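Enquirer: Using the sequences and the accompanying hints, generate a full structural model.
Chains as they are written, first to last, in our numbering: chain E, 6 to 346; chain D, 6 to 346; chain Z, 6 to 346; chain B, 6 to 346.
No lab work stands behind these hints, which were simulated from the structure alone. Computed from a predicted structure; not experimentally measured. Beta carbons: idealized from backbone N, C-alpha and C, even for Gly. Hints may be right or wrong, so weigh each one.
[To be verified] Computed spacing ranges between beta-carbons, pair by pair:
no., chain 1, residue 1, chain 2, residue 2, range
1, D, ARG307, Z, ASP154, 56 to 62 Å
2, B, ARG252, E, SER48, 43 to 49 Å
3, B, GLU151, Z, GLU298, 32 to 38 Å
4, D, GLU241, Z, GLY113, 51 to 57 Å
5, Z, ARG14, D, GLN41, 31 to 37 Å
6, B, ILE248, Z, PRO29, 31 to 37 Å
7, B, ARG252, Z, LEU195, 47 to 53 Å
There are 4 protein chains.
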Amino acid sequence: MDGCPAGHRVSLESIQREMDRRRPGQSGVSTPRSEQDRVEVLSGVFKGVTTGTPICMVVWNRDADPSPYDRIKDTPRPGHADYAASVRYGGHQDHRGGGRFSGRNTAGFVMAGALAKQVLTRLGVEVLGYTRQIGEVVSPEPTPQEIRDQGEANPVRCPHPASADRMVAAIEEVRKAGDSLGGKVACVALNVPPGLGQPVFDTLEGDLAKALFSVPAVKAVESGAGAGHASMKGSESNDQYLIEDGRVRTATNNSGGIHGGISNGMPITCLVTFKPTPSIPRPQRTVNLATHEEATIEVTGRHDPCIVPRAVPVVESVVAMVLLDHALSSGFIGQVLEEAR
Amino acid sequence: MDGCPAGHRVSLESIQREMDRRRPGQSGVSTPRSEQDRVEVLSGVFKGVTTGTPICMVVWNRDADPSPYDRIKDTPRPGHADYAASVRYGGHQDHRGGGRFSGRNTAGFVMAGALAKQVLTRLGVEVLGYTRQIGEVVSPEPTPQEIRDQGEANPVRCPHPASADRMVAAIEEVRKAGDSLGGKVACVALNVPPGLGQPVFDTLEGDLAKALFSVPAVKAVESGAGAGHASMKGSESNDQYLIEDGRVRTATNNSGGIHGGISNGMPITCLVTFKPTPSIPRPQRTVNLATHEEATIEVTGRHDPCIVPRAVPVVESVVAMVLLDHALSSGFIGQVLEEAR
Amino acid sequence: MDGCPAGHRVSLESIQREMDRRRPGQSGVSTPRSEQDRVEVLSGVFKGVTTGTPICMVVWNRDADPSPYDRIKDTPRPGHADYAASVRYGGHQDHRGGGRFSGRNTAGFVMAGALAKQVLTRLGVEVLGYTRQIGEVVSPEPTPQEIRDQGEANPVRCPHPASADRMVAAIEEVRKAGDSLGGKVACVALNVPPGLGQPVFDTLEGDLAKALFSVPAVKAVESGAGAGHASMKGSESNDQYLIEDGRVRTATNNSGGIHGGISNGMPITCLVTFKPTPSIPRPQRTVNLATHEEATIEVTGRHDPCIVPRAVPVVESVVAMVLLDHALSSGFIGQVLEEAR
Amino acid sequence: MDGCPAGHRVSLESIQREMDRRRPGQSGVSTPRSEQDRVEVLSGVFKGVTTGTPICMVVWNRDADPSPYDRIKDTPRPGHADYAASVRYGGHQDHRGGGRFSGRNTAGFVMAGALAKQVLTRLGVEVLGYTRQIGEVVSPEPTPQEIRDQGEANPVRCPHPASADRMVAAIEEVRKAGDSLGGKVACVALNVPPGLGQPVFDTLEGDLAKALFSVPAVKAVESGAGAGHASMKGSESNDQYLIEDGRVRTATNNSGGIHGGISNGMPITCLVTFKPTPSIPRPQRTVNLATHEEATIEVTGRHDPCIVPRAVPVVESVVAMVLLDHALSSGFIGQVLEEAR
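Expert: Okay, here's the thing in structure tokens:
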């Protein structure tokens, strides 16, 4: 993680907490807390404080068992990057567990994002993610306080309890059927100062979208009311201005806090679609790249039937990193940080 | 436009044709063809052939009338970037017509994109855009041949004639009501070689999304089945592999031709949501930034009640530029270009 | 020029003045002032003030006569980029006058650099260039005040009058002999705040060097005492610290104001070597790329026998742009600019 | 190290060999070979072959003793980055051993550069560095074969034995005097294909210079005849073309194989000046940043009196990385690599 300002006192505990939110196997109550994914800081932090130089954090892969992957070497798994990577890298990619394409890569996003969130907190910015949809179950939009209060209260990270129950049931159903489900993670960033981002080449929406599409399985990024704008009229979609507590605000927030690629002071909101986990234990059609013949594959191993709940801290992390990056490159924030030191 | 390979014979006519597709006032049959937006090439082309150095193309603003904009200087238009830009640039932005935030900026995208499409054609790649949705009217998904045949046959650029008729009616209705409509542009790129893009930091989807969010009014970018993945099961969403004419293909294309950020040889497909034109001649609430009081604004001037049809060549252009960029940075394509010279 | 902060009132006169310093044909007293190279601003400045968006400035080529270049199409000029460009661009480069490789490109550096200097002035930073060496004539190192007073007092831009006289004589001599001379331009930037630049990937010296090597004919970049360090001892080279007027300073400035890639508050100094003008009217050996046979070439046209004096504003401009870029990306300066508005 | 092509079989032995060349304490014959700085590969190599994804190599600091650095916390060492870093990072930098500014950082350059050299070898490119100057002792320019034969034959890495002897004596002398010496490393890259690099924004010289200035203690970068061009005439400096073995070559190579920022097929040559080791055990003036008073410092610890010999593999590594980067981004080389697989 490069670019983190010097002088920030790092809370390793809070980084670890975010890593634990991303960790597999959290939802079963009886699962004993394992010591997996302990974050170590190798550089960039001295006496507990950021030095301003690159921060290297690492978690070691301890119980990876690559053996199930050997037989998929030549038969790409449907929905995975195996085939595209094989072409891109001439067959030399590390096929075990998806390698560079693995969801495991998001551990890095969360480590860095957890630190970004800490710095943003000092700027007064709060980043809140939650599960909005799993399969056919769509939750109503919660208030920020509901996210804070209920976001971690159930295993699907949906702050609307009734929806959460139905999501849990939907996941259980596909799990039994040897199938999987997709869904949507929503994210809201509060107290983002206006004026971050710029038109055309570094829009805030463009940077958020590019970063979010780095997360495996993301297939859509929407800003504010997003795709819903398509069926709106201008008189509905336009966020009209008013003055509230002496500050310029908008009456609605269909824009998701961004106009012309620049933050306008309203909450930044986005919606990220994740496709269903592609690894499912059903027979699927594939091809044998060695023999160039059609084949069948059954993907085994430990796979979540729905990765959406674990993706919540990942989305928060990515959003936090992009916002921090823009905040640091803008003139407004340097002063705030300086004073906070 | 930097990075265009040397030795490509430029068709100025085809660049101009794309500019004409983007031009305002095309849809009225009686509108005489004006000589607006004639593209001039200032550098990078010598004896009709690209030199490999930056290509500067320009169209001059001829009949811009900035006077309607003077009174909006202090009262930001709802749905526009006026307020965010004012904060970002300390009140020094050029407020006339949106300045750097104007839809006028897309003229540059189309000039460069038209050239990118020409080069891609030599690589066998075809980029086809069309209107998928306007307001509540959603078109069925057309075949590539239907896009080629019907895409320009009606003023809304929807290759499904019955949908096109309903879209035209919907636009007429809001125009009369002093309102506007949003919609979706779809884009498909055929014959894109597998292996373009890379995981994590330069995914093809991320680069497409970042570039598409540079287009004013874009609020969502979906790849392949996009947001539809949220309510799918893995067994539905996974694109299973087969061999067709000796090549590896997928039976479905929910992934939109991209797995793990890398093209897989199937058509690249994306869906881009545009919000309704924010400039509507109805009274709307705003604030006076000079007096810091609430105010009312009616936005006048020449504004399309729906910009979606004109956005079709813009989306095609952006997609073409991103694909060309990845094709050039990959090792696969250099050879093709070299031979084609 | 992208990244110039909003709210700066632009002096077009001072930009034009810098362009006039770079203009050919200045040194002959009898040469009437032509109206060549008038700078036009096409974008990014509104009501005389920068908007914060990209600034496009242009000068039009008016009396270019490409005819002398036709016969060099296939016979690359020794010392020029003709051959390398021909390979790089497959023979499609614009060979007239060097095209993208022409010294003419430095007009763009000077336009942008002149604006950068204006902004730096508001930060208290002053950038002063001068001719240190032409051929065998090496000037003693002047004080900043001598540069200000004498830098423009003679046609070679050397603030040491006796050296200047000898430089003029040396140039006259090679001109008569149909030959040319190289030299060195020195540049000093005063009042640069400490703390600009960073180690390893964005060192201030590295960015200065990369930018300076963009100037045609540059063959060496030295920082501070530069290559002279090779024959120094540590006890001579180390700049020892002291306190002067309450500020940390160094007793010497062999480091050229940069330690570890970061400015230390002392003047930034560098030395830039320009090779002799390669265009000389003597017969030289070349090859005919069409016939692949050896050949002879005599390069005619209007060429300075020594470009070093005209390179002084170019070097100043490049240094100014790099410093401004680092100043803007650092937290220190934003505040200064904000207050200065 | 990102961007290394897939399919390259890595020789860890040859990487280790380069690390051993950079290692401290090599020159004393009696020094037993310690097992320091063993390179481990953490990612990007699978079954001994590069995967195309980022390669993480690490050496662990084992016997670092930071205690001598505690007392320099507030008293910056002359010639070091301590003070500049303290300003840049608000006093939060890791002051032990120079932290991010330490010569230790070049271990990373050598690991990555060793791998770059391996890939370049498959392209036929050979990178040879050697010591050209130490203090007042300047070696004559050797042939490539002399560098291969004699470059490692003496502790100063100077392929001219008589000069090497004098260099050794000069270093011994300053060591006894508690002082240090600077010098120059030369580097030549053979068989670099013509056409790498581009004008203005990515010149080969600019990229080499920027990368070389990333190496601590570098104060000048010269290309080809470098600063020597200042006192040349055009008729001397111009490299005239001829045909040799059917290929276009130049009779001299003052340009160092680069014209207009682009390789011309001749050997790439550069000269890099290193300042004397700033850590010397003599009393020097400094200031106490805590008390803001003048002070005295004596820098102790294990420091080479001249780092130039150990810098030879560092310069080679940096040059190799820049050349590989340009080779990969050019169309010419992809094909060669593909065939070589």
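Enquirer: Could you check the structure against the hints above and give me the numbers of any it violates, in ascending order?
Expert: As far as the earlier hints go, not one is violated by this structure.
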